[in-house]
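Engineer: Respectively, the protein sequence lines represent chains A, B, C and D. Each number in the numbering used here corresponds to the 1-based position in the first sequence with 147 added. Each number in the numbering used here corresponds to the 1-based position in the second sequence with 147 added. Each number in the numbering used here corresponds to the 1-based position in the third sequence with 147 added. Each number in the numbering used here corresponds to the 1-based position in the fourth sequence with 147 added.
Note that these hints are calculated values from the structure, not bench results. Any given hint might turn out to be false.
Any copy, or any two copies together, can satisfy a pair, since identical chains are not distinguished.
[Claimed, not checked] Restricting the straight-line Cα-Cα distance to at most 27 Å, the calculated cross-link-like pairs of lysine-lysine (DSSO-like) are:
#1 Lys436 with Lys416
#2 Lys452 with Lys436
#3 Lys151 with Lys427
#4 Lys416 with Lys427
#5 Lys452 with Lys416
#6 Lys452 with Lys151
#7 Lys427 with Lys406
#8 Lys432 with Lys406
#9 Lys436 with Lys406
#10 Lys452 with Lys406
No experiment lies behind these values; they were computed from the predicted model shown.
4 protein chains.
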Amino acid sequence: MSEKYAYLGPRGTFTEAALLEMPQSIGAELIPAGSVHQALEAVRLGSVTGALVPIENSVEGSVPTTLDELSHGQALEIVAEVAIPVSFGLLVRPGTQMSDIKRVATHPHAHAQCLEWLHANLPEVHVLPAMSTAAAAAELDDDAPYQAAICSTAAAAHYNLEILADNIGDNEAAWTRFILVRTPGHAIPSTGSDKTTVSLFMHEDHPGALMEILTEFAVRGINLTRIESRPTKKQLGDYFFSVDFEGHIDEERVGEAMKGLHRICADVKFLGSYPRHDGKFSPVKSAVKDSAFVEADEWLSGIRKRR
Amino acid sequence: MSEKYAYLGPRGTFTEAALLEMPQSIGAELIPAGSVHQALEAVRLGSVTGALVPIENSVEGSVPTTLDELSHGQALEIVAEVAIPVSFGLLVRPGTQMSDIKRVATHPHAHAQCLEWLHANLPEVHVLPAMSTAAAAAELDDDAPYQAAICSTAAAAHYNLEILADNIGDNEAAWTRFILVRTPGHAIPSTGSDKTTVSLFMHEDHPGALMEILTEFAVRGINLTRIESRPTKKQLGDYFFSVDFEGHIDEERVGEAMKGLHRICADVKFLGSYPRHDGKFSPVKSAVKDSAFVEADEWLSGIRKRR
Amino acid sequence: MSEKYAYLGPRGTFTEAALLEMPQSIGAELIPAGSVHQALEAVRLGSVTGALVPIENSVEGSVPTTLDELSHGQALEIVAEVAIPVSFGLLVRPGTQMSDIKRVATHPHAHAQCLEWLHANLPEVHVLPAMSTAAAAAELDDDAPYQAAICSTAAAAHYNLEILADNIGDNEAAWTRFILVRTPGHAIPSTGSDKTTVSLFMHEDHPGALMEILTEFAVRGINLTRIESRPTKKQLGDYFFSVDFEGHIDEERVGEAMKGLHRICADVKFLGSYPRHDGKFSPVKSAVKDSAFVEADEWLSGIRKRR
Amino acid sequence: MSEKYAYLGPRGTFTEAALLEMPQSIGAELIPAGSVHQALEAVRLGSVTGALVPIENSVEGSVPTTLDELSHGQALEIVAEVAIPVSFGLLVRPGTQMSDIKRVATHPHAHAQCLEWLHANLPEVHVLPAMSTAAAAAELDDDAPYQAAICSTAAAAHYNLEILADNIGDNEAAWTRFILVRTPGHAIPSTGSDKTTVSLFMHEDHPGALMEILTEFAVRGINLTRIESRPTKKQLGDYFFSVDFEGHIDEERVGEAMKGLHRICADVKFLGSYPRHDGKFSPVKSAVKDSAFVEADEWLSGIRKRR
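The following block holds chain A by itself, in its conformation from the complex (with noise of 0.2 Å):
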C-alpha cells in the first residue's frame, strides 16, 4: 500500500508544489488539507504518513500557526524541509479580459506582495481576502464575487483557468520554506548539513533570559539561523522564542547545549533534526567537534577515578 501525505491545501498551493519536488512524494497519495492544524492533526491520528506545511517566507517572515501547532500538543519531529520561490500569477477564466476584472481574491499575505502590480495594473480594483492562494482559485466559477485570482500558476491547469499574467509579486527574489513533519521515530540520522528546531518556554519575568539561551549556544559553538519570540497565548508580554540552528541531535554539542537548555528553560520542546535544504556546511570547531567531546569525557573520568 502506499504511503499517504497530507499538505495545507487545496490543490494547487505552493505546498503541493513543494512537495512535488521532494522524493518522498513519488508514488505517494497527497492528500490536501484545509489547514496547518488539520494537516498535522492526520499526523497525529496517524491516517497519513507525514505532512508538509509552510514555516517561513522570504516576505512575511514565519508562520505563526505553523509554529504554534507544533509547540503545543502531542509531540511531532520534522524530518526534512524544502523551499521553493514564490511566483504569482494572475487567473481567470477562459475569456476574462484585465478590463473585466472588478474584484480580485487571494490570500492576505500574497495580496501584501503583490501591492505595486496591482496598483500599476488594476489600479481600481477591489481585493477579497481568500483563506488561501489556491482556494482563491478553486472556487473561482461563475458564481464568484471575483473574477480573477491571484495565486500559484500552477494552479491554472487544477482548476481550467488561464494566467492573464505571470510574476507579479513585487519581490522576484520571494521564497517559502515548508517542513514535512512525522510522529517521533523516522528521522534520519546526522548527514554533517543539519538543522535542529526546538521552541523554548520561559521562566517569568526573566530580563536576562534570552542573554542566558544564546550563552548556551554559544558556549558550545552553534550557529542560530533563525530565533522568533513567540507569545505563550497567556498574557502579553509572555513569550516563548522558537529557534533553528546548525546540528543535529545526536551530535554532542547538540546535546550538551539542549541539556543546558532543558536546565534553565521552563520547557523545552523539540521539534526535530533534519538535513538542511541548501546542504550548506559551516565547519564545526575543533573544541566542539564529537572526538573533543569523547575524549573530554575521557579525561574527567580519569580524573575522578584516580581519586
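Since chain A is already given, all that's left is putting chains B, C and D on it; use the hints.
Structural biologist: Same frame as chain A, now just chains B, C and D:
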C-alpha cells in the same frame, strides 16, 4: 481647528476602541483608514496629526505589517502606546437566530481565537475571511453571503447589528497593544517609565550578530521587552530584528547603547521613545543612571586633560 | 607507624603553625622542608604522606613558586586548605636591647609588611634578606651578622629567642592561606562547601581566551574565588591561568565545566577539590544542581531513543 | 641642566641595562634607587624626571611591588616601556676558581632561574639571598660571606669582578619588561601601536565582576594583553585587577571602555597609555574605529534634535 487621528478601520475595530481610550482622541476627529499602510501614509503626508495602529496581540504575536511599514519609508516616531482587552462577540442583523447561521465572516486572526466556541456552538458553520473584523460587520447587509460576523461588540452600534453572543474568544486574557505614530518632533521627554522601539538591520552572514546586539544592551543595563527577527524581504535567511526595550532615547545609557548598535549594525531605525502603557518601572542600577554617566565623563575628561 | 607530613620549614615558620592547626597533624611526624619544591618532591617520592605549603597571602598575593610547582611535574592533589592570621614579632637573643640592634634579618615579604613599624622604631636599622622568616631566627646565633629577626613569635621557643616586640606588622588583618597536598587518590567526597583549583594553559595568541574560560564557568553557575595569569616561562606574553572556584569535581556542574575547559584549553591541570577553610557556602542555583543535570540527561536520552 | 632618571639599583642591575637602551637616557643623569618605592617617590617629589622599574618577567610573572606602588599613592603615569633579554652570569673576584666557591649570593628570583645550572655545576653550593642581583655583586668584597654572585654580566665592570660563567639561566628565552614612569602631563599622543595599563578595584563580594569587566572591553573591541588579580591588602579574598590592554586613552573606544569601567568598579586607576615596546599592531575593527564613534555621535545627535 481640531486635530485629526487616523486609525485602522473601518469604524468599530478594536483599534478605534483603543483610540477612544487615549487622551489624544478627546475633541479630535477620528478617521478610519483602510490599512496600516494608508494610516501611516496619512501621517507622512501631513493629512492627520497621528495614527493608531496595532503592533502586537497576545495570541497572534506582532503585527508584521506594522513592523515593516515603520521600518521602511520616511521616518515616523511612536509617541504613545495603549493596550486593551480583546473580547469577541457574534453579531447578526436584528432577528437572526443561531439556527439561521450557515456562514460567519471574520478576520482570520479572530477566527483563530474563537475556534473552540465555534466548534461547540456552530459546529457546521462555514467561515469566510474578511479584511478585518469590523469589515465583516460593516458588510453584513441583506446581500452578504453570510449571516453573522465575529468582531468587537462595539461594532454593533455602528452597523445596527445585534449581539447574539458575547465573550466567545477561547482566551479570556487576550489583549492587543496599539501604538500612536507621528512625524518626528512630537515626542515627550522621559517620564521614568518609558519604552523605546528600534529596528536593527544586520550585516549579512554574521552568526554572532544577535549575541553582539544583546551585549550592547546588557553592558548598559538595559532590559529588552520584545525581540523578533523579521525577514528583510530580500532573501530567505536575511533578517532584521525588531526590538522594544526599557528606557528613553534622552537617557545616557540608551544613547550609548544606540550608538553602539549604530556602530555594529548595517542600519538602525529609531522608531520612538514613549511612556509605557502599564506604567511599570524597572529600577535602573546605579552604575547606569544618568548621573553615573555624567560623572564618568568628567572623570575621563580630567584624565585626558592632565596629560 | 605514624604518618609523616612535610611543611615549608625550617621549624617555627607560619606554615608549621598552620599545620599544627590541622587535624592531620595529630600524632603525625612533622618534617620541615627546605623549599616548596623539596616539600612537594617528598610527596611525589612517597617519603611523606603529604605536604603543607603556602599558596596565597593577603598582602603579597599568590605564592608563585607553589602555583608553578603544582602546575608542572607529576600530578599532585590539594586535599585540604587552612588559613591563619600572620602576626610578626621582633625576636632577639636573650638580653639584647632595642638600642643594640643595628641589623635585622627577615624574608623580603615580611620586610615589606613591617615597613611602618621599622621606620618608627628602628629608623636606622639595616635589613638583611633571609630565605625565610624562620631561617632568620634559626641562624640568629653569636656569629650572625645581625642582632634581631622578624618572624612568627612561635619561633622564639624553637630557637631560644626572646620576643622584644609583638604585632609589628603594618596590617593587623594579614592572613596566609596554605594547602595540604597529596598524591592522587586521597581526596574526600563533596562536603557541600568545597573549592576546586585548576591551572588552565591557553593556546597561543588567543585574545578572547579569558572570556571563553569565564563563560564556561558562568554557563554552569560556578563562582570563581581567585584567578591569576602566570607566565608559562616560555616567552613574554605566554600565560596560563591559575583559578580557584566553588564546587567539587564530583558535582555535575563542575564536571561539565571541566570538560568544556578541557576542550578549549591547550591543557587543564586539575589540582584538587577540597573543603573550604572557612566553611562558606554559596547556594547552588536549582538549574545547576546535580538533580537538574540528571533530569536533563534522562530527558535527552528519551528524545534520542524515541527517534 | 641635564635630565635625571632614577632606576632600580644598585648600579649593574638589569634595570640599568634596560634604561641604557632607551633614548631618554641619552645625556641624562642616571640615578640608582634602593627600591621601587624609592624610585617612584623620587618622581613624585620631583627630584627626578622619571624612573624605570621592572613590571614583569617571563619566568616569575608580574612584579607585585611595582603594581602595588603604582596603584596606591599619588598618581603617576607610564610613558614608555622596554623589554630586554635576561641573561645571568656567575661573577667572582679576580682569581677565584670554581672550586673556591662554597657560597653564592643572588636575588631569590634569579636563584629560581638558575637552579639547573647550579645543580649541575655547583651541586654543593649554599645560596644566600640578596636584596637584588646587583647588590650581591656590589657587596662581593673580601669580607663577604660568599665567593660568587649571580647577576647581569654588565655588573662585572661596575664592581671589578670577573665573569666565571655566562648564560647560566635555565631558560634562554627569559625576558624582563620595564616601565618608564613620570608625573601626569608628559605622555605622548597615540602612535597606533599603544598599550594602556589600569588598576581596577572591585566592589566587595561580586562574583560576576570579572566577567563584567571583560565585557566592557569586549564590547568595544579591545584586546587584553595581561590581567592579574592582586589582593587589596585589606582581607583575604579582596582583590583588584591589574590589566594591560591594546589602545590609547585618547582613542574613542578606549575612552568609552574606561568610562564603563569607572561606572561599574569601586575605583579605576589609570596608569598610562604608551607605545608598545615591540611595535606590534592589532588591526582595529571598523566598528570601533574613532571614525565610527564620531559618526555614531552625529547620528544620535540628529535623532535627539529632530524630536
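Engineer: Each hint needs a verdict: does it hold in this structure or not?
Structural biologist: Okay, the hints, checked on the actual structure:
{"no.": "1", "hint": "Lys436 with Lys416", "in the structure": "both (24 Å within a copy, 22 Å between copies)"}
{"no.": "2", "hint": "Lys452 with Lys436", "in the structure": "both (25 Å within a copy, 22 Å between copies)"}
{"no.": "3", "hint": "Lys151 with Lys427", "in the structure": "neither (29 Å within a copy, 53 Å between copies)"}
{"no.": "4", "hint": "Lys416 with Lys427", "in the structure": "within (25 Å within a copy, 31 Å between copies)"}
{"no.": "5", "hint": "Lys452 with Lys416", "in the structure": "between (36 Å within a copy, 15 Å between copies)"}
{"no.": "6", "hint": "Lys452 with Lys151", "in the structure": "between (53 Å within a copy, 25 Å between copies)"}
{"no.": "7", "hint": "Lys427 with Lys406", "in the structure": "within (26 Å within a copy, 29 Å between copies)"}
{"no.": "8", "hint": "Lys432 with Lys406", "in the structure": "both (20 Å within a copy, 16 Å between copies)"}
{"no.": "9", "hint": "Lys436 with Lys406", "in the structure": "both (17 Å within a copy, 13 Å between copies)"}
{"no.": "10", "hint": "Lys452 with Lys406", "in the structure": "both (24 Å within a copy, 15 Å between copies)"}
Hint compliance for this structure: hint 3 alone is broken.
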